[in-house]
Amino acid sequence: MTVTDYFLPGSLSEALDLLGAHGPSLMVMAGGTVAMPLVNDGISLPGKVMGLRHAGLDDLREEGGGLYIGATVTLTRLLRQRAVPMLSEAARSTASWSVRNMATVGGNLFTPPPGGDVAVALLALDASVTLAGPAGTRVVPLGAFHTGFMTNVLQDGELLTGLRVPAVAGDTAYLKFGRKAANTPSVVTVAVRVARRGDTVTDARIALGAAGPHPLRAGAAERALVGSTLGPEVIEAVAAVAAEESQPFSDGVASEWYRRRMVRLFVTRALERIRQGGEGR
Amino acid sequence: MASVIVNFELCGRDVEVLVQPMATLQSVLRNQLGHTATKEGCRQGGCGSCTVLVDGEPMLSCLLPVEDVAGRRVTTLEGITPIDGLDPIQEAFLESNGFQCGYCTPGMVMVTRALLDHDPQPGREAIVEAISGNLCRCTGYQPIIDAIEKAADRLSGSGEQTGER
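Order-wise, the sequence lines are chains A and B. My numbering numbers the first residue of the first sequence as 1 and each following residue consecutively. My numbering numbers the first residue of the second sequence as 1 and each following residue consecutively.
The set of hints was computed from the structure by calculation and includes no laboratory data. No residue lacks a Cβ here, since even glycine has one placed at the ideal position from N, Cα and C. It is possible that part of the hints are untrue.
As the list claims (entries may be wrong) - Some residues of chain A that are not near chain B, with every Cβ distance over 10 Å (derived): (1) 53; (2) 97; (3) 180; (4) 275.
What the hints assert, rightly or not - What follows is a set of in silico ranges between Cβ atoms, one per label pair, in the way DEER data are often shown: (5) 112/A <-> 101/B: 30 to 36 Å; (6) 125/B <-> 43/A: 34 to 40 Å; (7) 5/B <-> 43/A: 28 to 34 Å; (8) 156/A <-> 125/B: 44 to 50 Å; (9) 70/B <-> 59/A: 19 to 25 Å; (10) 44/A <-> 125/B: 34 to 40 Å; (11) 73/B <-> 180/A: 28 to 34 Å.
Looking at chain A on its own, in the form it has when it is part of the complex:
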């Protein structure tokens, strides 16, 4: 352990002051389920670390038909909320009980793939993130937050303080495929949301996890879906587009080849589930 200073700010302003005073060398940690293993193994050798557990960023409240989720709300609390069932399901599919008692929703956005399952559901729900910095706060759509593998739009001195999930229309489906029934890294994770007027799809989100350098939306597949009628042939075509535009990778869990095929299969299954009745929002 190389840590000389471990800060536990008691408020957001204190956290921002520390970040300003120590600069980018200050390692920021929320639940510790990603950062601590690296520190324990000496892969990460930080000198100064700031823990956010006591920074008061753990509000979870229903708001305007949607949800406000503080950055350090644990996955267990997300699992237990009832307002947005898909987020509960996404939390349940992530890691183990003890990890969920520590891991945070904000931290999930910083978890490298094949992690980040909650972020996939949040993408399908049009979530936005609030970033606070010395110059004030700004709101960024989650779809514009990630810029690459473990990179994002956060500027020096900025902290992610929370997420907003708006009231959105449509039916949702969330499917995570792993090699075990529980506590398993993702082969592929799919979250979809489809709004329809009559039989016609008016709006669609198809979000993929473990299928790129970060959780991403299959934009071409979404466009192919809007305006059509959700039937078996459309679903098959849309899933093929999603597989084509996905950017899967090979790791110890699955190969790129296999993941691409599973994107196709699980987008098909998710859309089929919606066609056959959805699961509510």
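Here the structure of chain A is known, so what remains is to put chain B in place on it, guided by the hints.
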């Protein structure tokens, strides 16, 4: 590297420790407080052998800086083991052969304690989900699941196998 003083409640007693910055709760429990039931396994949050309860909820002490639990209530296996004899959960593990080498057992027992606090009569599926973060390389898990079912039956007073919830 200035050490810091941390106070928390450990198994019903107030403790005060002088620790290096960001020392893990696990290392402090074992090396400074003599609570060696809490095992050091992977130190990655992947094996569950260091599971303790913080304010009654299972957490991985290898991932928890001890400063984070200042003022909170930490329970280890030592805290649920009576002075004489065993806790009913431990009895059930013993009777069901719920361990062989025993390395995972403290973590398994702590998760069981928390599970039965939340859900006194969990079905087999809920038990499997609850212990999915606790690896056992000896038993193949079935005797552990049997032990947890047995403990649930006894503690809830039903004395019979319960069905799925």
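(request) Would you check whether the claim that residue 275/A is not at the interface survives, using Cβ distances to chain B and the 10 Å cut-off? (result) holds, 28 Å
(request) Take the C-beta atom of residue 44/A and the C-beta atom of residue 125/B, compute their distance, and say whether it sits inside 34 to 40 Å. (result) holds, 37 Å
(request) With respect to the beta-carbon atoms only, verify the hint that residue 70/B and residue 59/A lie 19 to 25 Å apart. (result) Roughly 22 Å apart at Cβ, these two residues keep to the hinted range, so it holds.
(message) Given the hint of 34 to 40 Å, is the C-beta distance from residue 125/B to residue 43/A inside that range or not?
(response) holds, 36 Å
(message) Checking a non-interface call: every C-beta of chain B should be farther than 10 Å from the C-beta of residue 53/A. Is that right?
(response) The claim is violated: residue 53/A sits with its nearest Cβ about 5 Å from chain B, within 10 Å.
(message) Can you tell me whether the CB distance of residue 156/A to residue 125/B sits inside 44 to 50 Å?
(response) holds, 47 Å
(request) Could you check the hint for me, namely that residue 5/B and residue 43/A are 28 to 34 Å apart, CB to CB? (result) holds, 29 Å
(request) With 10 Å as the threshold, tell me whether residue 97/A passes as away from chain B on beta-carbon distances. (result) Check fails; 6 Å does not lie beyond 10 Å.
(message) The output says residue 180/A does not contact chain B. Does that hold with a beta carbon cutoff of 10 Å?
(response) At about 8 Å from chain B, residue 180/A fails to clear the 10 Å cut-off, so the statement is violated.
(message) Taking 30 to 36 Å as the stated bounds, is the beta-carbon spacing between residue 112/A and residue 101/B within them?
(response) At roughly 33 Å between Cβ atoms, residue 101/B and residue 112/A fall inside 30 to 36 Å, so the hint holds.
(request) Check the following: the C-beta atoms of residue 73/B and residue 180/A are separated by a distance inside 28 to 34 Å. (result) The hint (28 to 34 Å, Cβ to Cβ) holds, given that residue 73/B and residue 180/A are roughly 32 Å apart.
Of the numbered hints given earlier, the model fails hints 1, 2, 3; all others are met.
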